[in-house]
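Start from the sequences, fold in the hints, and give me the full structure.
Here's the letter readout for the chains.
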Amino acid sequence: MTTITYREAVRSGLREALKRDPRVFLMGEDVGKYGGTYACSKGLLDEFGPERIRDTPLSESTFVGAGIGAALGGMRPIVEVMTVNFSLLALDQILNNAATLRHMSGGQFNVPLVVRMATGAGRQVAAQHSHSLEGWYAHIPGITVLTPATVTDAQGMLLAALQEPDPVFIFEHAYLYSMEGELEGSRPAVDISRAAVRRPGNDLSLITFGGSLWKALAAATQLAQEGIEAEVLDLRVLRPLDTGTILTSVRKTHRAVVIDEAWRTGSFAAEIAAQIMEGAFYDLDAPVARVCSEEVPIPYPKHLEEAALPQPDKIVKAVRRLLG
Amino acid sequence: MNTPLSKDDTRRQVLRILGEIAPEADTTSLRPDVSFRDQLDLDSMDFLNFVVALHKEFHIEIPEADYPKYMTLNGCLTQLSAARS
Amino acid sequence: MAEFLMPTLGADMTDGTLVQWKKKEGDRIAKGETIAEVDTEKAAIDVESHTTGIIERLITRPGDKVPVGTVMAIIREEGGPTTSVASPRAVATPPSPPPPSPRTERAAVAPSQVGRLRISPAAKKLAAERGIEASTLQGTGPEGAITLDDIDRATTATTDIAKPVGTADRQARMRQTIAAAMARSKREIPHYYLSTTIDMGRAITWLKDSNEQRPVTERLLYGVLLIKAVALALRRVPELNALWKDGEAHRSERIHIGTAISLRQGGLVAPALHDADRLSLSELMQNFQDLVKRARAGSLRSSELSDPTITVTSLGEQGVETVFGVIYPPQVALVGFGKVVERPWVADGLVVPRPVLMASLSADHRVTDGHRGGLFLAEIDRLLQEPQSL
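Residue numbers (the UniProt record's numbering), protein chains in the order written: chain A, 1 to 324; chain B, 1 to 85; chain C, 1 to 390.
Simulated from the structure, these hints should not be mistaken for laboratory data.
Glycine included, C-beta positions come from ideal geometry on N, C-alpha and C.
Incorrect hints may have been included.
[To be verified] Computed beta-carbon distance windows for the label pairs:
1. B:24 / C:345: 36 to 42 angstroms
2. B:35 / C:372: 18 to 24 angstroms
3. C:283 / B:29: 35 to 41 angstroms
4. A:165 / C:152: 48 to 54 angstroms
5. B:35 / C:179: 32 to 38 angstroms
6. C:374 / B:9: 44 to 50 angstroms
7. B:66 / C:266: 28 to 34 angstroms
8. A:265 / C:69: 37 to 43 angstroms
9. B:23 / C:247: 19 to 25 angstroms
10. C:283 / B:63: 21 to 27 angstroms
[As the list claims (entries may be wrong)] Residues on chain C that point at chain A, a partial pick, calculated with CB under 8 angstroms:
11. 122
12. 142
13. 147
14. 264
15. 297
16. 299
[What the hints assert, rightly or not] PhoX-like cross-link-like pairs, simulated, lysine-lysine; straight-line CA separation at most 25 angstroms:
17. B:56 / C:293
18. C:293 / C:245
19. C:125 / A:252
What follows is the structure, encoded as structure tokens:
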């Protein structure tokens, strides 16, 4: 097994994609000369040239729209948006064009577009760069929403996304880029339909995705010392959601805590809780609990930022409350 | 009417009816001249059911005034043969 | 959506064993139709449905012993909505309590002591499956909710799983049940006793004449006259036709006479002759005959065991002249009749032989006093002097 950083995993996925398919190209702000805001595309300009690694103006609506056009024209564009906060500028292109064209053309046009963007907090970059809005995207039918949390997924999901005929949005948690992990095997692409059990357990289910996976795993380790065996579920794919794996886990453990870095109200965690209620109500031995971010713009000071986000100790506390 | 039954057949039928009313009783050891009530712990409801069953089985009218004549096995057999001749 | 519960088929019945379902899921059932056969300490009873509809779900499995009040099946009432497959018991289950939030934590909201039972959906389901009466448990879950663990503990505490009941076993258990009911009666009910001697001359003559007119299949027993007289007398003294519940007597609108029937193998049952005051003597006789037959065949219906509002016991056939019975709780009165015997009787200044009968009343002094009880016996006497009007 190879130990690499999440950043390197993304880069290796990009390189592999560019090598495999001449229709694939990368565009976005600072992806070329600068090597990417998070250095994911460092060296790719030299390797693949300016035709395939394209710097764009600071206009999300324009270059996401251009990506949609290229996809319609037969290319396989990978568009990098610096953070999910800025993707709001491209929301019109995403929702009104990318997600709807197949439907509105009666199936004549599909948009094989891949959009990557950073999401999440924890790096002291304040409220305009730190929010977690992937749950909003998961609301939109017609697109796939991926949240790679491991290096294997960071690399493999990109390759799998390029096989999809419709738009795929990949949310890379910014805090994870420097995280090291072991690349499992040398699979070129990974499954993007199923959630994964990252740690098995019988006492309760910690259900999460993206950057919060590692906090949930840390909480599970701590709980294990108290004799509580938590099962940790990595959703991986927010849309279409793998409800089956969630329900299977909850039916086994009878309790669930959902961890989501978004704000609690109207969060994707609320959707998970509703799915559990609909599908496993009679298996529940306690109300479904949620650990989400405080309902404030993510603060800049380190201690306040930490206080605002889900943390392992908050998860542990929620679990104890659930166990009575 | 019907082919006349032998006395043995009649006896067998009466015992069968009794057996249905008092399933736990041993009717084979029944003493023919002692009243059913005393031997089989029949109450008035049981006895009424017995009389009704005789009526249905042998197609005879049994006025209430004649009930005492049907209280023993021998009494029954006498009454039944008289009624049928 | 209606729940079919393990019924109470007697004062001291705490649980019953499902012998078999008489219907399948999806079958139609009419009110009054038999839905299940239930084994109690006394007998295997055909239990009737109180609802007309479609059997949505059979919860209890044959062989399972469950406490009285346990939901055994769900019946979708005629015209009612179908529940989804995912939540077949949506109607019968409490809503999940709100998720704990930092705010509720700070407010330290005490769990509500009134209203619905605080129990998790999974625990409720398991309790139903295992026949555990969850309302008696102490919850250890979030905010005191009853959880799967609590049900597990309760299960291990009561793993006296039902065994199939044999005849000898049933007799022993019937004895226990009678013992429990009678002990409770004598412990809780302050009995008072009254008796009177009734001239049965007119009644017996009338009955003889009447039976002469009747074919053998329609003849009456004098016991039916007694039951009818009791039923009609209760209209005059309705406070004796009542059930004692929650510290007070609840009068019953309808008069269902529990008729003590001794079983051939020993023991007794006192199933109801429903609406005895409204039936003609012929109807009453027919129902009585049917009841005795089924009591002895062990095929009584649940309503017959649970409905009596008063009991009549008659030991005259055994040659007993007087009987002072023990009230069957939660009833508040019991009428006893002895044997009809020829006794010297003074009528119009002359001593004459007359067939007489001793009638007694055992009544609950919490509900009635001797004066009303006396009126009641006098009314029975009066009615029996006018047998043609019964």
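Per the CB criterion, is residue 264 (chain C) less than 8 angstroms away from chain A? 47 angstroms, violated
Could you check if residue 142 (chain C) really has its C-beta closer than 8 angstroms to a C-beta on chain A? 5 angstroms, holds
Falls inside 28 to 34 angstroms, the C-beta gap from residue 66 (chain B) to residue 266 (chain C)? 33 angstroms, holds
Pairwise beta carbon distance, residue 374 (chain C) to residue 9 (chain B), judged against the given window 44 to 50 angstroms: Violated, at about 57 angstroms.
Cβ-Cβ distance between residue 283 (chain C) and residue 63 (chain B): within 21 to 27 angstroms? 23 angstroms, holds
For the pair we were handed, residue 125 (chain C) and residue 252 (chain A), check the Cα-Cα distance against 25 angstroms. Distance ~15 angstroms between residue 125 (chain C) and residue 252 (chain A) Cα, so the pair holds.
Any CB of chain A closer than 8 angstroms to the CB of residue 297 (chain C)? Result: violated, 41 angstroms to nearest chain A Cβ.
Next item in the hint list is residue 122 (chain C). Is there a CB on chain A closer than 8 angstroms to its CB? 5 angstroms, holds
Hinted contact residue 299 (chain C) with chain A - closest CB pair below 8 angstroms: At 36 angstroms from the nearest chain A Cβ, residue 299 (chain C) fails the 8 angstroms test, so the hint is violated.
Sort out whether residue 245 (chain C) lies within 25 angstroms of residue 293 (chain C), counting only the CA atoms. 31 angstroms, violated
Does the Cβ pair residue 265 (chain A), residue 69 (chain C) satisfy 37 to 43 angstroms? 41 angstroms, holds
Is the Cα-Cα distance between residue 56 (chain B) and residue 293 (chain C) 25 angstroms or less? 17 angstroms, holds
The structure shown violates the earlier hints numbered 2, 6, 9, 14, 15, 16, 18.
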